[in-house]
Amino acid sequence: MVEMNDLIKIKNLFLISNKENRNLIDISDLQFDNNSISVIMGPNGAGKTLLLNLIQGLILSNTGDIEINYNSKNKDERKISIMMQKPSFLRRTTQQNIKFILELNRDKRNMSCLDVMERFDLISQKNILANKLSGGEKQRLSLALAISTNSKILLLDEPTANADPYTTFKIEQIIKEEAIAGKKIILVTHNIPQAKRLGQDIVFIHEGKVLEHQKASKFFSHSKIKEINQFLKGEIIL
Amino acid sequence: MEVFLEAFITAFTLIFNFDAALFEIVGLSLKISVTSLIIASIIGFPIGVFLAITRFSGRSILISIFNSLMGMPPVVVGLIVYLLVSRSGPLGWLEILYTPYAMILAQLFLILPIIISLSTQIFEELHKEYKDFFIIFSVPPKKSVITYISDSKDSLITIFLAGFGRAVSEVGAVIIVGGNIDHVTRVMTTTIALETSKGDLPLALALGIILLFISLIINVIANRMKIKINKEING
Amino acid sequence: METYLNKLILIIIFIFPSSILGKDVLLQSTTSTKNSGFYSYILPIFKNQTGINVKVVAVGTGQAIRNAENCDADILIVHAKSDEEAFVENGHGIKRHNLMYNDFVILGPSEDPAEISNSQSAEEALNSIFKFGYSFISRGDNSGTHKKEKNLWENAQIEISDYSGKWYKETGSGMGTTLNITAELNAYTLSDRATWITFKNKKDLKILYEGDKNLFNQYGAILVNPEKCPYSNVEESKIFLNWLLSKNGQETIQKYKVNGIQLFYPNAN
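In order, the protein sequence lines correspond to chains A, B and C. Quick note: the first sequence uses our numbering, first residue 1, plus one each step. Quick note: the second sequence uses our numbering, first residue 239, plus one each step. Quick note: the third sequence uses our numbering, first residue 474, plus one each step.
Derived from the structure by calculation, the hints contain no laboratory data. Since the model is a prediction, treat every value here as computed from it, not as a measurement. All residues carry an ideal CB built from backbone N, CA and C; glycine is no exception. Honestly, I wouldn't trust all of these hints.
[To be verified] List of simulated lysine to aspartate or glutamate pairs, EDC-like, C-alpha gap at most 16 Å:
| no. | chain 1 | residue 1 | chain 2 | residue 2 |
| --- | --- | --- | --- | --- |
| 1 | C | K673 | B | E470 |
| 2 | A | K86 | B | E367 |
| 3 | A | K132 | B | E470 |
| 4 | C | K568 | C | D585 |
| 5 | C | K675 | B | E367 |
| 6 | A | K132 | B | E367 |
| 7 | B | K381 | A | E172 |
| 8 | C | K676 | B | E470 |
| 9 | B | K380 | A | D33 |
| 10 | C | K675 | B | E470 |
| 11 | A | K99 | B | E367 |
| 12 | B | K391 | B | E470 |
| 13 | A | K126 | B | D438 |
| 14 | C | K673 | B | D389 |
| 15 | C | K496 | B | E367 |
| 16 | C | K676 | C | D556 |
| 17 | B | K366 | B | D389 |
| 18 | C | K676 | B | D438 |
| 19 | C | K673 | B | D438 |
[To be verified] Where chain C lies over chain B, by a calculated footprint (3+ residues, C-beta under 8 Å):
| no. | segment |
| --- | --- |
| 20 | 306 to 319 |
| 21 | 364 to 377 |
[Claimed, not checked] Here are a few chain A residues that sit away from chain B, every Cβ distance over 12 Å (derived from the structure):
| no. | residue |
| --- | --- |
| 22 | G64 |
| 23 | Y70 |
| 24 | I82 |
| 25 | K86 |
| 26 | R92 |
| 27 | E103 |
| 28 | L129 |
| 29 | A146 |
| 30 | S148 |
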């Protein structure tokens with residue numbers, strides 16, 4: 001692997017379950033480099049969402065460090081945005097939600113509300129209450145809000161889970177655009193074809209542990225790990 | 239029964255003759271109660287947001303205290319404020335005793351617990367929905383307070399009405415700190431008390447009817463606003 | 474945020490201009506004088522002549538005196554001579570002046586079941602009520618009227634507090650409220666004449682006994698002592714007091730009539 005500046009360094013990260021006697025997350029060493037689209041995959045309950053939430057800071061671990069080395073001195077960029085699996089919005093219209101986030105993050109390079117709505121194809125929904133949008137529209141809006149914060153790091157949790165094919169296409173397109181523009185994107189998905197389309201490196205998690213972190217091409221063809229091959233074949237891993 | 243009939247007739251006569259004394263008294267009642275309501279809201283709503291969002295030890299005790307203060311007897315509040323603003327009291331230098339300002343202060347103390355208690359409950363509900371959003375997008379505190387208040391507008395109207403009702407209908411506090419002075423601190427409720435003590439029961443009742451009528455109008459207007467806002471928020 | 478607060482303060486000040494402009498005279502007085510309409514009559518006349526605004530707070534005598542002791546008054550007009558003298562002796566007031574008088578009357582149901590109308594004295598009247606055990610309503614609030622009433626029971630050598638809650642009921646309220654209750658229960662009570670004449674809910678009550686020297690009701694006026702109360706409005710209250718005691722003021726008091734009946738008799742000399 002080519003040595004890049006590691007953007008995110010995770011060491012000895014433990015999260016213990018309150019109810020059962022096991023580790024929800026047990027990662028001794030994991031790094032994400034400065035630019036690329038990293039995809040996190042794994043069976044249900046592996047801890048993918050938990051890992052994203054830990055990186056974002058929504059949850060605190062029991063022990064361990066998550067170190068983030070921003071290169072840029074730009075204060076605006078020193079943020080992590082997350083697009084949650086279940087999106088939440090203000091009790092306002094699509095347009096008002098976007099305006100709210102844009103105002104929080106006033107920046108010279110930021111687009112106008114109209115530009116954002118156009119990019120995510122939400123103009124005809126602009127006066128509809130965000131909570132009344134369809135599943136796909138909600139995911140587009142959720143991504144729009146996350147991107148409007150202008151953060152360097154973008155965490156996406158199943159961004160096209162509820163999406164119709166058009167929305168899936170649109171969202172993937174935008175993800176690629178953002179990556180090219182210099183954003184670091186970490187994406188959790190169940191969708192193996194999507195991972196193949198988007199991922200540059202893949203992190204495979206099973207039962208809270210990282211089984212493999214590998215360049216995409218090697219991951220999908222030459223994985224030596226039994227569980228991964230089972231997963232890629234579509235079998236259930238126990 | 240005759241008394242009631244006479245009272246209704248008196249009430250209508252007073253209103254349709256644009257009785258100057260009546261309008262002066264009604265005007266003062268509304269000015270005082272609305273002013274204390276506005277001040278109580280400016281102070282109380284942000285406190286409500288704060289209590290709803292933050293967690294600190296003693297929080298639930300504080301909320302319980304505000305809840306129980308809602309039931310504070312107006313006459314006790316009046317007595318306490320009187321002792322504060324009496325010329326021999328700590329705030330005597332303000333010279334607001336027997337002026338509408340003391341009445342506003344007393345009603346402020348009466349309404350504030352209502353505003354804080356009820357709005358905390360409203361904001362707690364909203365917080366369940368908004369908590370993650372506000373953490374993820376790192377919304378600063380001042381903006382959070384404004385947003386919570388703005389997005390709860392319809393429920394807050396109900397709280398306004400509760401506070402207004404409490405203020406405009408009480409007599410115990412305003413009569414002690416206001417002194418029921420003609421043209422200066424005489425409001426609807428203290429006039430009713432005065433006319434009753436003069437034995438003019440039909441007039442007292444007529445004023446009571448007018449007071450109810452005004453409350454009714456205000457409630458209707460407020461509810462209309464609430465429905466309109468509700469349509470905006472919930473479609 | 475600051476400009477918003479400033480605007481709010483400005484608005485509040487404009488809404489209530491009258492309480493900011495000028496110094497007024499603050500008078501603590503009794504419900505009996507206020508309810509009779511006396512102040513509504515005399516204060517506008519005084520204002521007309523001098524331009525001075527007098528604000529009246531009417532509460533029970535006990536509360537009026539207490540308020541004045543707290544310096545929440547510039548001048549005190551009540552009708553409880555011994556309390557007034559104590560007020561001056563304790564340094565709260567400058568000097569006690571006789572202002573005006575009227576009398577108390579004993580009211581009761583027109584049928585007069587205790588037969589007090591033939592009594593030779595106020596004590597005898599109360600004695601008849603006591604013997605009959607007929608309902609009597611008392612102010613019970615340490616007002617001038619209440620103190621006079623207690624005095625009369627003492628002179629009749631009746632331990633009246635023993636009967637409190639039975640046929641003797643203490644309302645702890647002003648004259649008007651007490652009259653309302655008396656009228657409702659068709660009972661006996663002691664009232665000052667002025668409040669009674671102007672009272673509008675008389676129902677079946679009538680004056681059944683009057684005229685005893687012991688029913689004499691003297692009102693006194695006292696200026697609050699500026700040494701104890703530095704914030705008091707000495708100048709204008711002095712003008713007010715002197716006016717009340719002057720020939721002009723006393724004649725004005727004499728002219729106050731309700732239904733053709735004079736309510737107060739000036740006796741400043």
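A quick look at each hint next to the structure:
1. At roughly 54 Å between alpha-carbon atoms, K673 (chain C) and E470 (chain B) are farther apart than 16 Å, so this suggested pair is violated.
2. Distance restraint check for K86 (chain A) and E367 (chain B): the Cα-Cα separation of roughly 12 Å lies within the 16 Å cut-off, and the hinted pair is therefore satisfied.
3. Distance hint between K132 (chain A) and E470 (chain B) is fulfilled; the C-alpha atoms sit about 12 Å from each other, no more than 16 Å.
4. Pair hint K568 (chain C) plus D585 (chain C) does not hold up; C-alpha atoms about 43 Å apart against a cutoff of 16 Å.
5. Simply put, K675 (chain C) and E367 (chain B) have alpha-carbon atoms about 63 Å apart, too far for the 16 Å limit, and the pair is violated.
6. Taking the CA atoms of K132 (chain A) and E367 (chain B), the gap is about 15 Å. The hint holds against a cut of 16 Å.
7. Proposed proximity of K381 (chain B) and E172 (chain A) is contradicted: the alpha carbons are some 33 Å apart, above 16 Å.
8. Between K676 (chain C) and E470 (chain B), the direct Cα distance comes to roughly 58 Å. Violation of the 16 Å bound is thereby established for this hinted pair.
9. Between K380 (chain B) and D33 (chain A), the direct Cα distance comes to roughly 36 Å. Violation of the 16 Å bound is thereby established for this hinted pair.
10. Between K675 (chain C) and E470 (chain B) the alpha-carbon distance is near 58 Å, which puts this suggested pair outside the 16 Å criterion.
11. Among the hinted pairs, K99 (chain A) with E367 (chain B) is inconsistent with the structure: their alpha-carbon atoms are about 19 Å apart, more than 16 Å.
12. As the CA atoms of K391 (chain B) and E470 (chain B) are separated by approximately 11 Å, the hinted pair is consistent with the 16 Å bound.
13. A threshold of 16 Å between alpha carbons decides the hint, and for K126 (chain A) with D438 (chain B) the separation of about 62 Å lies outside it, so the pair is violated.
14. Taking the CA atoms of K673 (chain C) and D389 (chain B), the gap is near 53 Å; set against the 16 Å cutoff, the hint is violated.
15. Simply put, K496 (chain C) and E367 (chain B) have alpha-carbon atoms about 56 Å apart, too far for the 16 Å limit, and the pair is violated.
16. Of the supplied pair hints, the one linking K676 (chain C) and D556 (chain C) is violated, its CA atoms being roughly 34 Å apart against a limit of 16 Å.
17. A hinted pair counts as satisfied when its Cα atoms are at most 16 Å apart, and K366 (chain B) with D389 (chain B) qualifies at roughly 13 Å.
18. Simply put, K676 (chain C) and D438 (chain B) have alpha-carbon atoms about 12 Å apart, close enough for the 16 Å limit, and the pair holds.
19. For the hint linking K673 (chain C) to D438 (chain B), the alpha-carbon distance of about 5 Å falls within 16 Å, and the restraint holds.
20. Counting residues of the segment 306 to 319 of chain B whose beta-carbon sits less than 8 Å from any beta-carbon of chain C gives 0, not enough to reach three: the coverage restraint is violated.
21. A count of 0 residues in the segment 364 to 377 of chain B with a Cβ less than 8 Å from any Cβ of chain C is obtained; the coverage claim is therefore unmet, three being the minimum.
22. Interface exclusion of G64 (chain A) from chain B stands, the closest Cβ pair being 20 Å apart, more than 12 Å.
23. For Y70 (chain A), the requirement that its beta carbon stay farther than 12 Å from each beta carbon of chain B is met, with the minimum near 15 Å.
24. The beta carbon of I82 (chain A) sits about 6 Å from the closest Cβ of chain B, which is not more than 12 Å, so the claim that it is off the interface is violated.
25. Its beta-carbon lying about 9 Å from the closest one in chain B, K86 (chain A) breaks the requirement of being farther than 12 Å from that chain.
26. Look at R92 (chain A): its CB is around 7 Å from the nearest CB on chain B, not clear of 12 Å, so calling it non-interface is violated.
27. Listed as a non-interface residue, E103 (chain A) fails to keep its Cβ farther than 12 Å from every Cβ of chain B; the least gap is roughly 9 Å.
28. For L129 (chain A), the condition that its CB be more than 12 Å from all CB atoms of chain B is violated, with the nearest at approximately 5 Å.
29. Non-interface status of A146 (chain A) relative to chain B is broken: a Cβ of that chain comes within 12 Å, the nearest being about 8 Å off.
30. Some Cβ of chain B comes within 12 Å of the Cβ of S148 (chain A); the nearest lies about 9 Å off, and the non-interface call is violated.
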